[in-house]
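Residue numbers (this note's numbering), protein chains in the order written: chain A, 1 to 483; chain B, 484 to 642.
Treat the hints as calculated values from the structure; they're not laboratory data.
Beta carbons: idealized from backbone N, C-alpha and C, even for Gly.
Be aware that a few hints might be false.
To be verified - Covered stretches of chain B (in silico footprint by chain A; criterion: 3 or more residues with CB under 8 Å from a CB of chain A, positions within the stretch not fixed): (1) 496 to 505; (2) 601 to 608.
Claimed, not checked - Not the full set, but computed from the structure, chain B residues with beta-carbon under 10 Å of chain A: (3) Asp492; (4) Arg493; (5) Ala540.
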Amino acid sequence: MAKQKGICQMCTLGCGFIAETAGAELVDFEFDPDDPNGQGTLCAKGNCIPELLTHPKRLIAPMRNGKAIRWEEALRAIGLALTQIRDNNGTDALGLVLSGDATCEEVALAQAFVPACLKSRNLDVFFPTNDYEVLDALAHANGKTRRASLQNIRDANCVVTVGDPFATCPVISRRVLDARHEIRANSINCIADAPNMTSRFADTFLQTAESRGLLAVIKCILDMTEGNTSTWQKEMKRLLDKAPFEPKETASAARIADRFVKAKTGAVLLGTSNPLAAKLAAALVRIGGEGKAIHALLDYGNSPFIYEGFQRTTSTRQILEYAVAGKLKGLVVLGADILAGCPDVNVKEAFGKLDLLIAAAPFRNQTTEMAHFVLPSAIWQEKSGTVMGRYVGALLPPPGGAKSYSDIMMYIAGAMGIRLQPADWVRVERTGRLEDEDVGALVEKGLRDDFIPQVRSTATRFSDGSITNNVSWRKAIEGGIQR
Amino acid sequence: MKKLFLDLDRCIGARACVAACYRTHQNSPIVEMGDVVDAALLPEMCRQCENPACLAACPKDAIFRDDKGIVRRSNSRCIGCKSCVYACPFGAIADVLGTYMIAKCDMCADRQARGLIPACVASCPSGALRFDEIEGVRAEKKYVLLGGHMMGRHPYFRR
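Required output: the full structure, derived from the provided sequences and hints.
Below, the structure written as structure tokens:
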């Protein structure tokens, strides 16, 4: 029996838990009161971690066209097929898509694996939501220097939420509500397109499209602080003066702006996957003055590439377009369920045109149904590595023949006769500034706000014992299917 | 005796209590989340009534009060007649466990024996649930009675 501390990777907060294991089995799962992030609590997603480990859809043996085979056979065939495609078609005929739950080390290995073994530039870390774009937008708009810590949120006099952060990361609500109950001057202001879990607690609720609402608040702040503004702000003000905001929007926005500017400390909680809203929220923090900071809450826990300098060369959508155009012949998918995560692209057509599709995944999913080779892989409780800036050890060994993504890449490289050298991990700072942004485009797009979330993760469903963190389409929600 | 308290001013409806209960009670849904007049979400938990209707309704004495005062259900005596399910005025007993079983909150007796608080309270992300002595909480004068002994903070109703 061994007691270990683990970090939940169901969202970006990273709450801690204590797992007691005996051999390959989880004996006890307990809350960790000493953890600074979770403070001894877990949300519905975190409570389902033990359920993931014994999930009925778990893959444990490699498969070729639906039939179970041994690892040696699978690797020999995969190595042969990949080498053949690479030699016949030259560079960029192969690609690799890595799942968002990969550790930093695995992303580094993939950055070495793809050029060395596949002779290609087609590599992406795949997220069904726009996590990459949101964090990129934040970094680009200098949001990184104004990142709010969890203590900042606890101490903030004014909180502005964009979207629904309480639904994405419920554990954050304790800090926000603590601040409301203990600091009397605290106010919660919500900008969202529909009433949601967060808006129920809002003192002011600006119900409009996210980026439109943010622009309305920015306009009110710019009106308040006339004089000594930068050219960027002047340009923004000029464009926004003509913007057609409704009186109801303006009234709520003025209240929010007044509170945000007057508050000594303020925090913006970003609970949306809208990249444009992220950029504008970062602008709001900049314009709001000293003591204001931003915190992004995202659906996917480990975003390994964001702060560690992953160089994105090709997006998954581009890779799929190459496949449709016939340029891409083979694809290795490690963990990502592309078919379920890209509803707006015809993934089935792209997969149908591939000569070889290798899918490694912990669970049976839509992508593994279409794959020529299926390899069982470990989930995040079963591998060690750096996640969210912390090194996390494996809690349990993977069941059956499941292996981590790094092991799978090393084995495939071995089968292709290539010795892999992990690439040097280079920290790349994104140096974009808000001042370099095209204000006109920002305002025009923001007022229109045609953003439709692709995938929205929903609350846990228990009654049928199906997968815990299920994902449903916007279409399905609109069609009236119960979440 | 310690009881469960709910601060409706803090409950965000994250359903973490439901998940925690589900996990700690061998996947039987004891806590469910119900809507109250479209405005609030209320975890439907056992109130541990002073004079429990479920106990009175049980034909086989399967529901009993233990030495700590907790109303519990005996696994061996329950015949699954669901009398308690219909008797409970709060709908806090679930009948979905299967043959000869109903799901009844036992205030996490096994966790309490290990010196831990009930799982739903420990899990609550927003700090809305509280497990405390009823006298102490009454003295604070922050809570009003909200059906049985589940209590909510009254400022909620003023909003």
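### Query
For the region 496 to 505 of chain B, does the count of residues with a C-beta closer than 8 Å to a C-beta of chain A reach 3?
holds (count 8)
#### Entry: Interface restraint verdict for Arg493(B) against chain A (beta-carbon cut-off 10 Å)
holds, 5 Å
### Message
Just to make sure I understand the rule, a stretch counts as covered if three or more of its residues have a C-beta closer than 8 Å to a C-beta of the chain. Does the region 601 to 608 of chain B meet that for chain A?
### Response
Satisfied; 4 residues make the cut.
### Query
Was the hint right that Ala540(B) lines chain A, CB cutoff 10 Å?
violated, 25 Å
### Task
Against chain A, run the beta carbon of Asp492(B) and see if the smallest gap drops under 10 Å.
Holds: closest Cβ of chain A sits about 8 Å from Asp492(B), inside 10 Å.
Hint 5 from the list above is the single one not met by this structure.
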